[in-house]
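Novice: Listed here are the chains, written in short residue letters.
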Amino acid sequence: MNLSTIRELYKEPACSHNAGKKDASCPRPTPGKAAGGCSFDGAQITLAPITDAAHVVHGPIGCVGNTWNNRGSLSSGPRMNRMAFTTDLNNNDVVFGGEKKLYKAVREIAAKYSPPAIFVYQTCVTSMIGDDLEALCKAVSAKAGVPVIPVDAPGFTGTKNFGNRLAGDSLLKNVIGTREPVTYHPFNVNLIGEFNIAGELWGILPLLDRLNIRLICSLSGDARFHEVAMMHRANVNMMVCSRALLNVARRMKEKYGIPYFEGSFYGSGNTSEALITIARLIGDEGLIKRAEALAVEETARIAPRLEKLRERLSGKKALLYTGGVKSWSIVGALQELGMKVVATGTKKSTEEDKARIKNLMGEEAELISEGAPRKLLEVFKRHGADILLAGGRNQYTALKARIPFVDVNQERHIPFTGYDGHVRLAGAVAGAIESPAFRMARTPEPFGDPL
Amino acid sequence: MTEQLKVRDHNELFHLEEYQVSRDKKKEFEKGASPEKLAETRAYTCSEDYLKKNFDRKALTINPAKACQPLGALLAAVGFDGCMPYVHGSQGCAAYFRSHFIRHFKEPFAAVSDSMTEDAAVFGGQKNMIEGLKNAYALYKPKIMAVSTTCMAEVIGDDLNAFIKNSRKEGAVPDGLPIPFAHTPSFVGSHVTGYDNMMRGMLFHLAQNVKATEKDNGKINIIPGFDGFTVGNIREIRRILDLMGVDYIILGDNSETLDTPQDGEYHMYYGGTTIEEVAQARNAKATFALLPDSVEKSVTTLMKDDWGQPFEASIVPLGLSGVDNWLMKVSEITGKPVPKALEAERGRALDAMTDSGYYLHGKRFAIYGDPSYVEALVDFYMEMGAEPAHIVVTNGSKRWGRALQKKLEGSDFGKNAKVHHGADLWHLRSLMIAEPVDFLVGNTHGKILAREMKVPLIRLGFPIFDRHHLHRYATFGYQGIINILQWTVNTLLDDVDNKAGDFNLDFVR
Chain A
0 MNLSTIRELY KEPACSHNAG KKDASCPRPT PGKAAGGCSF DGAQITLAPI TDAAHVVHGP
60 IGCVGNTWNN RGSLSSGPRM NRMAFTTDLN NNDVVFGGEK KLYKAVREIA AKYSPPAIFV
120 YQTCVTSMIG DDLEALCKAV SAKAGVPVIP VDAPGFTGTK NFGNRLAGDS LLKNVIGTRE
180 PVTYHPFNVN LIGEFNIAGE LWGILPLLDR LNIRLICSLS GDARFHEVAM MHRANVNMMV
240 CSRALLNVAR RMKEKYGIPY FEGSFYGSGN TSEALITIAR LIGDEGLIKR AEALAVEETA
300 RIAPRLEKLR ERLSGKKALL YTGGVKSWSI VGALQELGMK VVATGTKKST EEDKARIKNL
360 MGEEAELISE GAPRKLLEVF KRHGADILLA GGRNQYTALK ARIPFVDVNQ ERHIPFTGYD
420 GHVRLAGAVA GAIESPAFRM ARTPEPFGDP L
Chain B
0 MTEQLKVRDH NELFHLEEYQ VSRDKKKEFE KGASPEKLAE TRAYTCSEDY LKKNFDRKAL
60 TINPAKACQP LGALLAAVGF DGCMPYVHGS QGCAAYFRSH FIRHFKEPFA AVSDSMTEDA
120 AVFGGQKNMI EGLKNAYALY KPKIMAVSTT CMAEVIGDDL NAFIKNSRKE GAVPDGLPIP
180 FAHTPSFVGS HVTGYDNMMR GMLFHLAQNV KATEKDNGKI NIIPGFDGFT VGNIREIRRI
240 LDLMGVDYII LGDNSETLDT PQDGEYHMYY GGTTIEEVAQ ARNAKATFAL LPDSVEKSVT
300 TLMKDDWGQP FEASIVPLGL SGVDNWLMKV SEITGKPVPK ALEAERGRAL DAMTDSGYYL
360 HGKRFAIYGD PSYVEALVDF YMEMGAEPAH IVVTNGSKRW GRALQKKLEG SDFGKNAKVH
420 HGADLWHLRS LMIAEPVDFL VGNTHGKILA REMKVPLIRL GFPIFDRHHL HRYATFGYQG
480 IINILQWTVN TLLDDVDNKA GDFNLDFVR
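Quick note, the sequences are listed as chains A and B, same order. Following numbering that gives the first Met the number 0 from start to finish, the first sequence increments by one per residue and tops out at 450. Following numbering that gives the first Met the number 0 from start to finish, the second sequence increments by one per residue and tops out at 508.
Here chain B stands alone, though its shape is the one from the complex:
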């Protein structure tokens, strides 16, 4: 029998006499306000006056619900076989991105940087890039190096194309080594823009010498998008397409490298879309993007203008009508019917929806995250009879916000909802005080807010640092419906049980 590892909970700790003493001693150093003053201030931050002031705030962002471009670029890059993401700029950015992905996926995550310093700020980053590419190639033997920039390189205006050419000339890397690149400054767009830019860089570069054929090869391309559930979702989409007998190529398949099996080895590269597959993608029948905001500009233009392919981006395969519409579209383009097996799955998802309906119908919720994901989730929750109240998206465009608002106005469940594009989580706090909701949907960053508002947080989004394994589950497809319902309803029921007094504790729900 092993001895239990005792860590005294800090809540308990501060009720002990010895800690009360040290806390009193500390008061001397605090700019402490009286309990009355605290209560008064809290009351003020809950007032309508403060709500207005909060929304007047222009120069300051508090608790943002977005991250920066190169982060997205890295997630796109690791979806390709043997690809080492290379960050051109100061080194801290790369370290942050690695920590972020390691904490979310609980996986090793490789990325390098060329560590630009103040010399580079003055003279440009070419020297760093030549040396960096050389070292990274020698050390990590990648098949592809995907270069994205940070703010620093963008402010100087480094010319990536020229730098990479010069690196080859200097013999830093072999001629044949593909080095796709993307400009991804943090002060423009967000992580989804970065995904878009890097994906375009990869596809453009890897397929630039591939000629268009007269007849397509019958395959369809799938671009997964910036998705915290990418591992589960890509696998689910594969399973569905296999069931349908559709021939497909996933462009940027990061589901393997972000979920390597434990075999006693560390694999720096594991799985991913191969260069040959990208070449085939050039002549596919059509391309589907699963999250439209991740392919808003660059990839769309590449597909439509350069590759001349039909491009389907508006349907997210999430929620019942989302999945239905997506499957119908795939079926229409490929000519393959939706098989009986999927019909049965649909029935099961529908069964789950009716089982859980009682606990979601009429419940009001607030949600934040990336535009496409948020929109799809709102649609799904409305299918369950839940009512969105506050929809906060820091990185959504005005056009997207208006379109969603219009759609909501046409729905019985969504007519009271308001879309706040460009807002942050501190705005959301004011909104949730003014009009309370029953639950909150978003990433780990909403944890403190959910606690203050005493509502459950349904963890859907990126990043999720404080829970395990969620990325391994699908949120797409009919199976995804069951997963989302499972998390939502059971979290709400846990909340009911936790809050139940002696009279309401029930065995059957």
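Looking at chain A on its own, in the form it has when it is part of the complex:
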């Protein structure tokens, strides 16, 4: 990928991280610090949930060997995305180039599996040896009669978040707007940055159905390739994960005039707000009324169950360390349960996210920008918190330190979205705090050794 494209993408204007800064760009990693995933990782996790497409990693074994099926994005149909395809480069390929191998690999997949599209991912090695992905994809696509989409996001271009953006860029260039829906529908929505982890999308679908809103595409949880191609026919885009694919929402607004907003389905308050906002942006009076009525009805439905959990959780303190949208939306969800959120992570949050956090938690809210394990534990102890909500990489650090833990990131197995999801989140938090194993862990050993 050429440097000017990379620089341009780094300066995403809709990202307020960049607004008003002279030398605007996304944060870059510090050498020698424990860091998160790379651009390739970000690109792959953004697109791999497109369930009926084939995803080929053009690189050495590590890039696929360490990544296949590593996130819980579920599919209601095709499972093509579960297959790990790679050109598995060796020494010779590094010397003589990997283009031929890739060409054959893509032909083979097209012939044997005939998927609606093939995504090809560039990696550090193939980018450095100079394999021309774009030209090759064009050539092989013409021969094989299948769209072959280049995803030029080698790991060294930057962070995981930047990879999300590169993936979005590839979709804008190659996929979105290339197909039209068969039937007309008055109310259409896209959910951008919803990956259907643990089936969370499926908690939202019936709500949209009840409002007679058609989901064109959830980018990219449980998505089909052709859904992505029709995204330009939506009336509104909802950004579910704020930083990941902001460029897609912005460009779709510029190009197709589709308004977008940032919302969340975590917590019943946020869910209601999101549904009503979708209705408002579509602008149909009847629809707005129905959305408001649905919010009232659903909130009342779960109220008795939530009330019982609120009794158990009220006054408990939570430490939240997660990325992007969850940094504020889960704060709201926990506060609705009467809990106090003592601090939240903002490593992957936008300026809007931070503003929302301040709004919810007050000006003195503690924001943690670096999530080194020791730092998290220190904050936890200082506040006398009761539970940590974070991702898998912090899970065992927390458990070692006898801290009740709930996974709210990509390895979660419980869907937390929508009204029922709020009850589940409350249940999971209560269950973790009240676990008898933790009570025992905090009781001194019988044979005298002090804790």
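Just so you know, these hints were derived from the structure itself, not from any lab. Here the structure is a predicted model, which is why all the values come from computation and not from measurement. Do not take every clue at face value.
[As the list claims (entries may be wrong)] With the C-beta cut set under 10 Å, the calculated list includes, among others, these residues of chain A facing chain B:
1. Pro28
2. Thr29
3. Ala33
4. Ala34
5. Gly41
6. Asn69
7. Pro77
8. Arg78
9. Arg81
10. Thr86
11. Leu88
12. Pro153
13. Thr156
[To be verified] Sample of chain A residues with no beta-carbon within 10 Å of chain B, all distances over it, derived:
14. Gly96
15. Lys137
16. Leu171
17. Arg249
18. Glu253
19. Glu296
20. Glu363
In this text, a Cβ means the ideal position worked out from N, Cα and C, and glycines have one as well.
Following the hints, complete the assembly by docking chain B onto the known chain A.
Specialist: Positioned in the frame of chain A, the structure of chain B alone reads:
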């Protein structure tokens, strides 16, 4: 009484009317094929013609059964006291390795990277390394930093030795801080090669100033190898050697740091082989490797050529003859007899084998994984009268494949088996369709395959993400025999019970 947390199972979910509606709506967007076409295609992928085509595939790997070098390097590195693994290259690799080990061992796993970006791709990674070593040392205070490379650094051709020297010159790290290193590109070898390279880097660097003495110190060295069961296995080997009264040093003992007790603290470094122990290892009587493929090249040359020590690598202490042979070898070299306690353990393992024999004899199985582990397991299952059918090893050499094939041809139970080195799990699918088996042995990645073939999966290998605590059990030693039997036979019996109709459900097996 707490309220039960209700998560509606998705299988049930999609039978509800509201979801049927949304699924029908989705059809508009799918490039859907008719059920007839699907059946026809599936039938084709099950044909002999497809089997042949599948094996003709050269440019594409589908569902590989191997991982990359630096992953192995990290597992070797964390076996040393106070060692921080340092990945020289782009940052994503380090994040992947950490996730991998965290998910397998259910433990925190520390590793850093110097986050090379496109500037480094053009100008080389020295700047990143100097800054990275400096930051990592200041932040995490390690006693050792073990540097391994990723593809990116290897493609540029970064000179680790020079970079590390320059980092010291610039004052990024103190002079005395050991920084062993290894070149571990992903496009050569696999995770076991990486283990080999890093282990050599550690031993070479930490013992380079230690002089050889005229007489050995009577100890033996043990190199555990790349092993998903490393925690249980290292403890078992320790117990056995303690029972024998043998003095030993485990080189790369990661059993503590990958299984820290819950004491209310997070320990970034916990246990492991000390620098002093490595110095002693230099003058040991002999070195034993428990998994030969993990020490195939680098470590072997170091031990034999540089250290001038007898090196025992061909025996994996797994299965009855495996353990017997290994113990005899240890006894022969150290002069310590095998004690009565182990004799009794052997008897118990043998008892377990005869108890379970009925359920394994004549059963056909497919297996995949790393060469040494797979070979040892095949030997053991044949001791139980089970018959290997398909043996798939992505990272085995041709020479290894031929040797194993020859060995199998000499066995009544193995004569129908075929070794497929360099093959992947999609090849294995074709093989299992052509010649069905009764069970499958391998890591978590075989889950989908096992389900499609409707056979039980015995989880032995790395990684195992979807089950808990297995790494804490031994698969080595006589105790390991009982564990492997327990998992295998009981998984097969669960399968029998699950499939039993009303007439076959039995209380006694």
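Novice: What hints, given by number in increasing order, does this structure fail?
Specialist: Per hint list: zero violations.
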